[in-house]
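S.K.: Spelled out from the first residue to the last, the chains are:
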Amino acid sequence: DVKVTQSSRYLVKRTGEKVFLECVQDMDHENMFWYRQDPGLGLRLIYFSYDVKMKEKGDIPEGYSVSREKKERFSLILESASTNQTSMYLCASSFVDRPGRDSYEQYFGPGTRLTVT
Amino acid sequence: GQNIDQPTEMTATEGAIVQINCTYQTSGFNGLFWYQQHAGEAPTFLSYNVLDGLEEKGRFSSFLSRSKGYSYLLLKELQMKDSASYLCAHTSGFQKLVFGTGTRLLVSP
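Sequences listed follow chains A and B, in order.
Quick note, in our numbering, the first sequence goes up one by one and the last residue is 117.
Quick note, in our numbering, the second sequence goes up one by one and the last residue is 109.
Be careful, since some hints might not be right.
Have a look at the derived ranges for each label pair, beta carbon to beta carbon [to be verified]: (1) B:Thr11 / A:Gly63: 35 to 45 angstroms; (2) B:Leu51 / A:Lys71: 27 to 37 angstroms; (3) B:Gly53 / A:Asp59: 21 to 31 angstroms.
If you're looking for bench data, these hints aren't it; they were derived computationally from the structure.
Yeah, the Cβ is synthetic: ideal placement off N, Cα and C, and Gly gets one too.
Produce the entire structure from the sequences given, and follow the hints as far as they go.
M.R.: Set out below in C-alpha cells:
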C-alpha cells in the first residue's frame with residue numbers, strides 16, 4: 001500500500017515563527033503536492049514538485065516556500081507564520097502520467113492541523 | 001473550488017441511492033476524479049473518468065460527459081459509513097488537481 005506520512009498531526013506556532021512541515025512517501029512517486037484545506041474553500045494547491053529540486057507554484061503560494069532535496073521527501077516552509085495560515089495542510093503524491101498507466105490518482109497523507117496564535 | 005460546482009450538502013437514508021453532481025469549466029481537460037473524505041481524515045481516491053460514460057465500481061459509480069462539463073457520483077445501497085464529504089476534482093495540466101469545495105453527505109437510519 002502507498003503510504004504518505006506527515007511529520008505532525010497537530011502543531012501550534014506563534015506569529016512570526018518559521019514553520020517546517022515534512023512529508024514523506026514510500027512509493028517512488030515523481031509528483032508531490034502541498035494543499036491547504038479550509039471550510040467553504042475546499043482543497044487549494046500551494047506548491048507542487050514533479051522531480052527532485054523542481055518546484056512549481058500552485059494557486060496560493062504567497063507566504064510559503066518548498067524544498068525537495070530527495071525524491072521521497074517534500075517540505076513546506078512558512079517563512080514567517082501568520083494567523084491566516086491557520087489551516088489543515090495536506091500532502092499528496094502521485095505517479096507521472098505515462099502511456100499504459102490507467103490513472104495517476106493522488107494519495108494523501110493524514111494532514112497537519114496547524115494553529116498560528 | 002475555482003471553477004467546479006457541487007452541492008454543499010445532501011441527506012439520504014440508509015439503503016437508498018444518492019447522486020452527487022459536479023459541473024466544471026476548464027481548458028486542457030485530462031480527467032475527472034472523485035475522492036471521499038471522512039471528517040478529520042485524508043481524502044481517499046474513489047474513481048477516475050477520462051472518457052465519457054459510466055464507470056462502475058461496486059456500490060459506487062461515476063459518470064462523465066466532457067461535452068457538458070458534467071460528472072456525477074452515484075452511491076447505491078447507502079450505509080451509515082458513507083457519511084462523508086465527496087470531492088470532485090479535474091486535472092489542470094501537469095496532473096495538478098483542481099478541487100471543488102466538496103459535498104457533505106449525511107446518511108440517516
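S.K.: Kindly indicate which numbered hints from before are broken by the structure, ordering the numbers from low to high.
M.R.: Structure breaks no hint.
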